[in-house]
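Take a look at the letters that make up each chain.
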Amino acid sequence: MLSKRLIVCLDVRAGKLAKSVKFVNTRDIGDPVIKAREYYEDGLDELVFYDITASSEKRNIMIDVVEEVAAQTFIPFSVGGGIRSVDDATRLRMAGAEKINVNSAAVKRPELIAECAYAIGSQSTVLSMDIRQVKESRTFPSGYEIVIDGGRTPMGIDAFVWSLKGEELGAGEVVVNSIDADGTRQGYEIKLTRMIANALSIPVIASGGAGTPEHLYEVLTEGGADAALVASMVHFGEYTCRELKEYLHNRDVKVRMRY
Amino acid sequence: MLAIVDYDAGNLRSVQRACRKVGLTAEIVADPRLVESAERIIFPGVGAATSAVDTLKERGLDKALLSAFQKGTPILGICLGAQIILEHTEEDDRDCLGIVEGICTRFEPDDPTLKVPHMGWNGVEVTQPHPLLEGVENGDEFYFVHSYFPRPSHAGNVYAVTDYGTSFCSALGRKNLFATQFHLEKSGRFGLSVLSRFAHWDGCLTT
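The listed protein sequences correspond, in order, to chains R and A.
Just so we're aligned: the first sequence equals residues 517 to 775 in my numbering.
Just so we're aligned: the second sequence equals residues 1286 to 1492 in my numbering.
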């Protein structure tokens, strides 16, 4: 049977690894290629790179990072952040990314999902959603709203409805990222993750809020997620990928233990 | 020369990079003459079978692959490459190369929690020895991304199976052709070691 996946997210700003809390207070914490390689050798299942470079002239640096990572790690990795067109997606694919994450641009223009699915395949098209909790209402039947532009712009779109639409348009996987939980280390948004995982027939990656191995266990069992994404837990050396997987393995979650 | 067959099916450069990592110099080639004369061939691919088969035929690469197979060139198929070598795929009802007898069918798991595509790391069980699978232990995990899977007609062509609601063939072969449904270029060290054994494989089945 399939193993649950451990995914490490690396936020990259102008070629440097960065980490934010609730999407702000970003600081640089190292070289993404060196980190990626370290995690790969430690048994990580998958990598995600988010390009959070603010200025467009520095965005080409990301292509170099992707090529370097592709030459040194041999597990799947995806790239997101600022992808607005099939051209952007194809360039990153050619540079070596297995999958492309679309986010804000897909909310503004949903056809982007279908266009990417057609050009690079559904299996390589990931819909990443930044979500915050709101009061349940007619506009937000699920009680969750889609927010874009790095958490700055609420869109008045129900998150659950958007996830269904994303699958219909051809996304091969979704990332459920809770803005409320991001960087808090208080645990994933279990209710939201479960709601989406139950409804979709494509894999769901839970993101935002991981602070202890127990949190990963919760979201992979109770939350129904196929993969758990972590960042600060491993970036600052508090846990290794191996330790997180051993914890899950010891609690009978099937994870890849030999590599 | 090692030729990676270019038929616009996915990211061939990932395969090329993995080859480089294990010391193999590989060229991505679309010219059927170069494929036919290559010392060894990798036939990768992801995505839809329909356009892949069409492009192969348009470029005359189907005939080149068949002819290379007949003269004993070691060939390694990966993912879509492991499907197109069969006779037929149910994906858009397409006839394929027919090097191995059998067809490709879609996953239809009874268990609703099993998602299609089958995407992620899963274990393999070796069903008969093969030089390229030497050292692979039962339960070793490889990376998969696919909605259809190979179903060779003869058990003799099956070299490994994987469980996903049903036990399906995840590695198959015939003579100098070997193919894996899993992505050798994305399966970490285990995938790289199969690739590095392919670098020295003479196409014979005796180990």
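Among the clues, some could well be false.
Which stretches of chain A does chain R cover? Using the computed rule of at least three CB atoms under 8 Å from a CB of chain R, they are [what the hints assert, rightly or not]:
1) 1324-1338
2) 1474-1483
Here are the simulated DSSO-like pairs of lysine-lysine, each with C-alpha atoms no more than 27 Å apart in a straight line [said to hold, decoys possible]:
3) Lys551/R / Lys1460/A
4) Lys770/R / Lys681/R
5) Lys1460/A / Lys1348/A
6) Lys1460/A / Lys1356/A
7) Lys532/R / Lys1306/A
8) Lys681/R / Lys624/R
I should point out that these hints are in silico values taken from the structure, not numbers from a laboratory.
Quantities reported herein were computed from a predicted structural model and do not represent experimental measurements.
Note that the Cβ used here is the ideal one computed from N, Cα and C, for glycine as well.
Evaluated hints:
no.	hint	result
1	1324-1338	holds (count 3)
2	1474-1483	holds (count 4)
3	Lys551/R / Lys1460/A	violated, 42 Å
4	Lys770/R / Lys681/R	violated, 30 Å
5	Lys1460/A / Lys1348/A	holds, 18 Å
6	Lys1460/A / Lys1356/A	holds, 11 Å
7	Lys532/R / Lys1306/A	holds, 25 Å
8	Lys681/R / Lys624/R	holds, 13 Å
In this structure, the hints that do not hold are numbers 3 and 4, in rising order.
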